[in-house]
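Numbering (my numbering), first residue to last: 1086 to 1231.
Keep in mind that the hints were calculated from the coordinates and are not lab data. One or more of the hints may lead you astray.
Claimed, not checked - What follows is a list of derived Cβ distance ranges for each label pair:
#	residue 1	residue 2	range
1	Arg1125	Pro1165	16 to 26 Å
2	Gly1110	Gly1225	37 to 47 Å
3	Lys1119	Asp1227	12 to 22 Å
4	Ala1223	Gly1110	14 to 24 Å
5	Ala1146	Ala1181	20 to 30 Å
6	Arg1210	Gln1132	32 to 42 Å
7	Ala1146	Asp1227	11 to 21 Å
8	Asn1136	Gln1174	20 to 30 Å
9	Trp1175	Glu1135	18 to 28 Å
Computed from a prediction, not measured in an experiment: that's the story for all the values here. Glycine included, C-beta positions come from ideal geometry on N, C-alpha and C.
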Amino acid sequence: MMAFHASADRLGDEVRGLVFPERFGVIAQALGKKALTPSRAAEAWLQFVENCEEGYEDSLAEYMNELSIRRFLQAVIDDPQVQQASDAQWFITEVAAIDARFSSLLEDGFQVTGSWGWWERRIPRVGGGVFVIDIREAYGVDVEST
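All chains should be built: construct the whole structure from the sequences, respecting the hints.
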């Protein structure tokens, strides 16, 4: 009887192990990001942040487009089923670590009005190319140029 119970516990762990990837897929499908996996989504956020660390150079429109991955990540993290999934902790931890890197790049004083999340309300302190020009034209703010 004890062996059966241990087997049932392992089966439960295996089933629970499927909760986060499956739920992620449902959310991704609903939000038009069906090609993403949890790893790919975290990697996309990391790549964007790394581009910002180097001094984002594309247009403000492209910046906002690429930044939209963070809104998707928040939708995943805020999902009640994801919050209860034990196998989602790595994802939540990874996003938080990348968030810390991104937050350290942002201008403290200037706030973009009408933005949804903390990551949209502030802009990077440093940029390059057309991004610097677009920020000046859109917000009247000068960021340090790379």
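Against the structure, the hints come out as follows:
no.: 1; hint: Arg1125 - Pro1165: 16 to 26 Å; result: 23 Å, holds
no.: 2; hint: Gly1110 - Gly1225: 37 to 47 Å; result: 42 Å, holds
no.: 3; hint: Lys1119 - Asp1227: 12 to 22 Å; result: 40 Å, violated
no.: 4; hint: Ala1223 - Gly1110: 14 to 24 Å; result: 36 Å, violated
no.: 5; hint: Ala1146 - Ala1181: 20 to 30 Å; result: 28 Å, holds
no.: 6; hint: Arg1210 - Gln1132: 32 to 42 Å; result: 20 Å, violated
no.: 7; hint: Ala1146 - Asp1227: 11 to 21 Å; result: 19 Å, holds
no.: 8; hint: Asn1136 - Gln1174: 20 to 30 Å; result: 27 Å, holds
no.: 9; hint: Trp1175 - Glu1135: 18 to 28 Å; result: 20 Å, holds
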